[in-house]
Amino acid sequence: MLCLAPALLAARPAPGARADPARLRAQILASASRPYTGYAESQGLLGLPDLPELRDVVGLLGGATRIRAWYASPTSWRVALVDLTGERDTYQTPHGVYLWDFERNQTLHVVGDVSVRPPWAPDAVPPDLARRLLRGATPKDRVQAIGSRRVAGVAAAGLRVTSADPDTTLGHVDVWADPSTGLPVEVEIAGRGSGDPVFTTRFLDLRQQRPDPKVLTPAGPGRTVDTQLAVGLALDRVAPVTLPSTLAGRRLTATPSPGIGVYGDGWSRFVVLAVRGRIGSQFLRAAQSAGAAPLDLGNGQAVQLGASVLSALIVRTDGDRTSRRTYLAAGFVSPERLRQVGTDLLASGR
Amino acid sequence: MIAVELVKLVRRPRTWVSIVLLCALPAMVAIFLAVTKIGPAPGKEPAFLSAVLANGSLLPAAALALVLPLFLPVAVAVMAGDSIAGEASSGMLRYLLMRPVGRTRLLLAKLVALLVFMVAAVVAVAVSSYILGRALFPAQPGAAAAVSVSGSPLTTTQLVLRICAAVGYVAVSMLAVGAIGLFLSTLTDSSLGAALGALAALVASEVLVTLDAAGAVRTYLPTRYWFAWLDFFRDPILWRDIDRGLAIQAVYTAVFLALAWANFATKDITS
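Protein chains in written order, with the numbering used here: chain A, 1 to 350; chain B, 1 to 271.
Hints are computed from structural coordinates only; laboratory data are not their basis.
The reader is advised that the hints may include incorrect statements.
[Unchecked claim] Derived DMTMM-like pairs (lysine to aspartate or glutamate); straight-line CA-CA distance at most 20 Å:
{"#": "1", "chain 1": "A", "residue 1": "LYS140", "chain 2": "A", "residue 2": "ASP265"}
{"#": "2", "chain 1": "B", "residue 1": "LYS44", "chain 2": "A", "residue 2": "ASP101"}
{"#": "3", "chain 1": "A", "residue 1": "LYS140", "chain 2": "A", "residue 2": "ASP56"}
{"#": "4", "chain 1": "A", "residue 1": "LYS140", "chain 2": "A", "residue 2": "ASP101"}
{"#": "5", "chain 1": "B", "residue 1": "LYS44", "chain 2": "A", "residue 2": "ASP20"}
{"#": "6", "chain 1": "B", "residue 1": "LYS44", "chain 2": "B", "residue 2": "ASP189"}
{"#": "7", "chain 1": "B", "residue 1": "LYS44", "chain 2": "A", "residue 2": "ASP174"}
{"#": "8", "chain 1": "A", "residue 1": "LYS214", "chain 2": "A", "residue 2": "ASP101"}
{"#": "9", "chain 1": "B", "residue 1": "LYS267", "chain 2": "B", "residue 2": "GLU206"}
[Claimed, not checked] Derived CB-CB ranges, DEER-like:
{"#": "10", "chain 1": "B", "residue 1": "ARG14", "chain 2": "A", "residue 2": "LEU84", "range": "16 to 24 Å"}
{"#": "11", "chain 1": "B", "residue 1": "LEU70", "chain 2": "A", "residue 2": "PRO213", "range": "55 to 63 Å"}
{"#": "12", "chain 1": "B", "residue 1": "PRO141", "chain 2": "A", "residue 2": "ARG18", "range": "18 to 26 Å"}
{"#": "13", "chain 1": "A", "residue 1": "GLY96", "chain 2": "B", "residue 2": "PRO141", "range": "33 to 41 Å"}
{"#": "14", "chain 1": "A", "residue 1": "PRO213", "chain 2": "B", "residue 2": "ALA200", "range": "31 to 39 Å"}
{"#": "15", "chain 1": "A", "residue 1": "LEU84", "chain 2": "B", "residue 2": "ALA254", "range": "37 to 45 Å"}
{"#": "16", "chain 1": "B", "residue 1": "ALA254", "chain 2": "A", "residue 2": "GLU336", "range": "37 to 45 Å"}
{"#": "17", "chain 1": "B", "residue 1": "ALA254", "chain 2": "A", "residue 2": "ALA145", "range": "39 to 47 Å"}
{"#": "18", "chain 1": "A", "residue 1": "ASP205", "chain 2": "B", "residue 2": "THR266", "range": "21 to 29 Å"}
{"#": "19", "chain 1": "B", "residue 1": "ILE31", "chain 2": "A", "residue 2": "LEU84", "range": "52 to 60 Å"}
[To be verified] Residues of chain B placed beyond 10 Å of chain A at every Cβ, according to the derived structure:
{"#": "20", "residue": "ILE31"}
{"#": "21", "residue": "ILE38"}
{"#": "22", "residue": "GLY43"}
{"#": "23", "residue": "VAL101"}
{"#": "24", "residue": "VAL147"}
{"#": "25", "residue": "ALA200"}
{"#": "26", "residue": "LEU238"}
Glycine residues also receive a C-beta, built at the ideal position from the N, C-alpha and C atoms.
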């Protein structure tokens, strides 16, 4: 009985914390000003191949991650990725983003826009992920109430958003949030046609209080470098080319930097990167050795990676070492749509 | 009775050989590290080893990470497995109990001797590593004695307190191994069999901890929170896993000591 006590306590039914789904959704979207301190764990089942420069993303989307979060406001928070060999902290301050890595004994001050970048640990914190997904949902998507859950001591009300967009690989997203404050405490993402979640994140400890300001101050010593690092992928590895204004029928909606483009909107939007030659070759080789399927798109080289709901495509145009280009496209978008992206990129010949 | 067992523990060469070997492994690694200056790549265990290159005061933490997964539990399992079964196999147990000594008192004395060995071994590893770390590696530049895993500076007092807390936690983490070994030692006359049994339980636990499919039982495994001592070096300290680690050790220790007592108090002593 002693051993079973924690499981029994965790399994006791949550009180009927039901909320009107539309109201709960609005509460969640308005919860960005709610402070909290918590410990969360995420589990991804996307099984990405080990691509160079994207190992942190592979770990985040394809494994278990332990996260501590201190959140005071949208411009003042800290997220720590804790593991058995150290800790990597991300600090958002009014003066920019700071990254501390214990094992490298290094602090980086990130200069510039970090809104378009590979996924990082702060994205996996339930409130941020829930708001991001709900903001990306379209009015056509169906929103319904689901059963409540007890999460980190909170009797949380649930809502499910089911995608109406046939181009996305995401089937539905379940979010549980504190009905009194709207703070999301658990998120589950499931693929189309499958009820099983491919990514889950939930708080295991949570206090909805403003954190001590001391923990929000970057404290790491070592080298402090002002860098234009688009976290996990240095911008100097991106080829600064002009991307097409339309790909696979989707308009270019954001160009945070030359050579990086976001196409479409909603959950089916995708990112296209033009990668410099050597890095592009590394991507291509890593994808091929990971079993990526070669595609015949007429000219050039193309391989497609499918990791559960995440689709990725690498295409390389014909030409010599100086003229050829490698593009990486990825998103929660159907493989068919991404193949069309590859065809358009090769046809554009840029 | 307890004093007798402690004297036996101190006089046994095996005790000192075990402790010296436990201290030798981190020392050997430290010397290699000091000579080659090649630390593990980021993300590669053991923890703290790369940080030692910049600050020798952290060698005790790296040493704990080195000995905890295998060497320390092996030493504790051997000592625990030998505690009752060793007396039985040498034919001494029957004569020992013919003296006016209760079985419970004898078991308690063996347990205390085992605890003293565990604490002494972990403290010896930490102290020898600290001395070696200060001798072989540079000190932290600036006023701070070290940098926490979270990047904040630690004073000498804070660093020593956190190392002491980690040493205490690692010693407590060995309680379940000791209790399982002690229980098995009351079941058999073979000290080797008891030690191997305790080690088999640990290896099974360590395998299951890494298995995603065993997620439902992972929380209840004795080795699940062994490495939570690292959380003493975060800022703020992450108490979640430390609390759970202490609780799980308490449960295993209570259950297996109770089983050991129930078995030893009622069994027929024939050897």
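List of violated hint numbers, smallest to largest: Of the numbered hints given earlier, those the structure breaks are 3, 4, 5, 6, 7, 9, 10, 11, 12, 13, 14, 15, 16, 18, 19, 22, 24 and 26, listed in rising order.
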